[in-house]
Amino acid sequence: MITKEFTAFEKKVWLSSPTMHGEELKYMMEAYETNWMSTIGENINEAERQACEKIGCQYAVALSCGTAALHLAVKLAGVKPGDKVFCSDMTFDATVNPVVYEGGVPVFIDTEYDTWNMDPVALEKAFEIYPDVKVVVMAHLYGVPGKIDELQAVCKRHGAVIVEDAAESLGATYKGVQTGRFGDFSCISFNGNKIITGSSGGMLLTDDEETAHKVRKWSTQSRENAPWYQHEELGYNYRMSNVIAGVVRGQFPYLETHIAQKKAIYERYKKGFEGLPVQMNPYHAENSEPNFWLSCMILDRDAMCKQVRSEQEALYISEPGKSCPTEILETLAKYHAEGRPIWKPMHMQPIYRMNGFVTREGDGRAKSNAYISGGAVGKDGKPLDVGMDIFDRGLCLPSDNKMTPEQQDKVIEMVRSCFA
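Residue numbers for the sequence shown follow the working numbering, beginning at 29 and rising by one.
For the record, the hints were derived by calculation from the structure and aren't laboratory data. Misleading hints may appear alongside valid ones.
[Stated by the list, open to error] Heads up, simulated SDA-like pairs for lysine to any residue below, C-alpha to C-alpha not over 25 Å straight-line:
id, residue 1, residue 2
1, Lys-299, Arg-368
2, Lys-299, Asn-315
3, Lys-430, Ala-292
4, Lys-372, Pro-46
5, Lys-291, Glu-441
6, Lys-299, Gln-289
7, Lys-334, Gln-289
8, Lys-372, Val-336
9, Lys-410, Thr-354
Sequences and hints are given; from them, build the entire structure.
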């Protein structure tokens, strides 16, 4: 219940917008002036070198987007039509769609509360149900590394290949090692809202020279080394342009600066929400250092007012001392600040609703489809469907690294007013 009216921000406070520094334009102009405007040039070479240096891999192949990198990673992993593939459930659908591009059938693995990533216990359960699966696609949500040791151990026991979606976690580390180093095939993104950007673009990361060569070939329409256009296998127009690579090249030196700014935003929110029945998106400080791409919060269950969502709309009933993501997001939007709901889990999406979905207590599909708010619970008293619960109670806060402390203080006050 909002008890105070605020003055709207003069300029919109964004969720996470590009932060440019000037060098990007210099490298783009070099591409223009030297006429290297296509998919070959010094910017591409340098951006790939920077990625290898930062992440610690031997080869980085610059591609048109992170989704293209994931598609080629799934192809490299050997996914064939009809193959089931275990996938992170709480993620953007770009993590999952490439499986379908290759004819695979995603089976979704529930989330755990400690990092909001794939649950190793549910993954082990999934292998009991689907013992023939040989590929696991896992994402690091909002820049927070998942339980990598446990997930890798499960995959190793079952002989499964890992495709690591590090699109949101560039610069984050797990036990001192950069994300993007933990998959058999790993991918990063330079989409416009990421921690650094090329406006678009992505990379596939590997230590294997043959794999890098194959990706470069596939991404340039699989042209053979012949004096004419010779094609012996299916290819794609997936290579990054030298112009986009100029933006990426100019952004890489500022990665650590952006991470520090994002961390400061996270910490200010954490302090500003003290005393409220909410928590910030969690991470294991003893194991990992996120890149803090997006600051998110989740409301305590007993602090939730009544909220319902259809496929495209949401309604709530305001209650004194309580709130919900819909109320908070509508309040922020009213005053020109951008937030958004947590990623809606893949098993809840109409396109994937009939796919398999596994919780730590087994196949949770039937239970989760009947779940509204505070629904079916497991033996530990917690919801069987963790992803749906986080989606129900969570939201992403304005996390733009150009947001001033004064603007953030106002956002904090707006959120606090929703619980008045």
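Results of checking the hints against the structure:
no., hint, verdict
1, Lys-299 with Arg-368, "holds (21 Å)"
2, Lys-299 with Asn-315, "holds (22 Å)"
3, Lys-430 with Ala-292, "holds (12 Å)"
4, Lys-372 with Pro-46, "holds (24 Å)"
5, Lys-291 with Glu-441, "holds (20 Å)"
6, Lys-299 with Gln-289, "holds (16 Å)"
7, Lys-334 with Gln-289, "violated (35 Å)"
8, Lys-372 with Val-336, "holds (14 Å)"
9, Lys-410 with Thr-354, "holds (22 Å)"
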